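Chemist: Assemble the whole structure, with the sequences as input and the hints as a guide.
Sequence order for the protein chains is G and B. To convert, note that position 4 of the first sequence is 464 in my numbering; the numbers rise steadily by one, no gaps. To convert, note that position 238 of the second sequence is 698 in my numbering; the numbers rise steadily by one, no gaps.
All clues given are correct.
A pair holds if it fits inside one copy or across any two, identical chains being indistinguishable in the list.
Under the rule of at most 27 angstroms between Cα atoms (straight-line distance), these lysine-lysine pairs were calculated in the DSSO-like manner:
hint, residue 1, residue 2
1, 729, 599
2, 485, 527
3, 768, 729
4, 527, 599
5, 563, 485
6, 599, 768
Keep in mind the hints are simulated off the structure, nothing from the lab. Since this is a predicted model, take the numbers as computed values, not measurements.
Protein chains: 2
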Amino acid sequence: MRQAGRYLPEYRAMRQRYGFLELAKTPEAAAEVTLQPVERLGVDGAILFADILLIVEPLGVGLEFAKGEGPVIHRPVRDAGDAERLAPIDVDSSLGYVFETVKLVVRALDDRVPLIGFAGAPFTVASYVVEGGPSRDFKTTKRQMYEEPAAWSRLMSVLADATVRYLTGQIEAGASIVQLFDSWVGALAPEDYRAFVLPYSRRVIDALPHSAPVIHFGTGTAGLLRAMREAGGDVIGLDWRIDLDDGWRAVGDGIAVQGNLDPAVLLAKPSVIRDRAADVLRRAGGRPGHIFNLGHGVYQETPVEHAKALVDIVHELTDRR
Amino acid sequence: MRQAGRYLPEYRAMRQRYGFLELAKTPEAAAEVTLQPVERLGVDGAILFADILLIVEPLGVGLEFAKGEGPVIHRPVRDAGDAERLAPIDVDSSLGYVFETVKLVVRALDDRVPLIGFAGAPFTVASYVVEGGPSRDFKTTKRQMYEEPAAWSRLMSVLADATVRYLTGQIEAGASIVQLFDSWVGALAPEDYRAFVLPYSRRVIDALPHSAPVIHFGTGTAGLLRAMREAGGDVIGLDWRIDLDDGWRAVGDGIAVQGNLDPAVLLAKPSVIRDRAADVLRRAGGRPGHIFNLGHGVYQETPVEHAKALVDIVHELTDRR
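Modeler: Now the structure itself:
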């Protein structure tokens, strides 16, 4: 889960040399950053260094990663006219650099651990395109669902189709698994999720090659888990806001789950980390199909030795030293 | 739910004359603002105009409502020393103006509708005191729970004891019901809630006079509902992130629920409002013990006629015209 990141000194060193987008677009550098947590922490999988908004750049909506402010979209999509004017996304020409990164990483990993590719899910990506950047309450996005259904369905369709090609390209380039990040979907009422989001997430997941398992993840989804399973995925990712056993019960049998330690636990001392990791594993009950992970990304303030301690603790507690 | 607010022109007119804290501290004005939505919308209950942070002012941590920025706490509590230095809260002398407001409102309502009093729950109030203001991820608060348990328990104890007296005073002054707002508790893992929050919320609820029912509310609580019921309350408030029937099932039998329309629905046209209100009522199934409400406060951009339409629609659909 967002392993490569600002908490690693070797990542910050790379960022001295590259702007964020530039780093993502330079396959050798992006591959190096992807491998950093594998080398440093000893995790059991690598996760591609990229950003869920890279796919937005070819849409022509004016994506910019403003310093210290996060992403800004200068020409947000607010009505059907805006949506009609969206440029078609030629994934292979505009995002080919990501596929290059995947190839470099897979070669460097040499089967030591699998590489997890990823994309943002249509809703989460669309929310940035509609709001013009990050949002707390997604009011403009929700209003568009209710009041501008033509704009919403056009935007979601464009994103869904591009995401199919984007993830397929990552799998063809060698990613063993792909994760669909619907990070902010937990802001929605289940009724809105089913009406305005689920069909597009399902369209993406259904169209992917069966050779790579799909992890379907969101945060704040305790009330959405059944609906997310309906949308698809071989693994449902859980954040920490639900006990893992309750979450697995809500998702149902016959499917794997990933999660779900609160990343804030990594700010505490290793004895606390051990207790809380053990609690997650106890709730998983040793059943096959549990992928231990944080419930969301590593916070920037996390001491690297705490992240390393977590990996060691999980390996020890699951006899995978 | 936060009926009095920035979406009402008559409220904005009052705010031309009074600063926010000044308005809360002027019983005649606060009573007038409390009554505005009752007159304008025809709701079935009045909710006290106040703020969950008023109780923080006597703590001596430097509370300020900065223009356009929300609350700021200039001397946040970060360690046991900070917590020891907290001033004791003499609720009756420092918050007596709230009790005056309650009396004025109750007299003006003259039994037309009940008055709902409220307070912030210890966790939600403490989170502001620790973070120094609003937070997105509550990292500093969580870190304090894990790493500074003495500071955390002292702060939570001080707030819990003051909250008992504060809500008891509102009930003695004539409030028919009280609501405990644990607005941000949904940021927590259930394990953290049970260890660091539940005992203090329970302490508050257990100590209140039995003459007034208690509504226990938070947002993002789909994974916490069972634990919140253990903490107490006659009614559990649900936000919109879970289907009402699923939420009621999680809360369990023999208890009432309040909720749970997404306030963003009020940004849509009345036909959408009708469909979504009907869905909430359908999921409540006409069972006794459902209080129809929004899942959180009314957004500032809400057209007043949409809020009024919702009240009329719910009255019509429940035969309470």
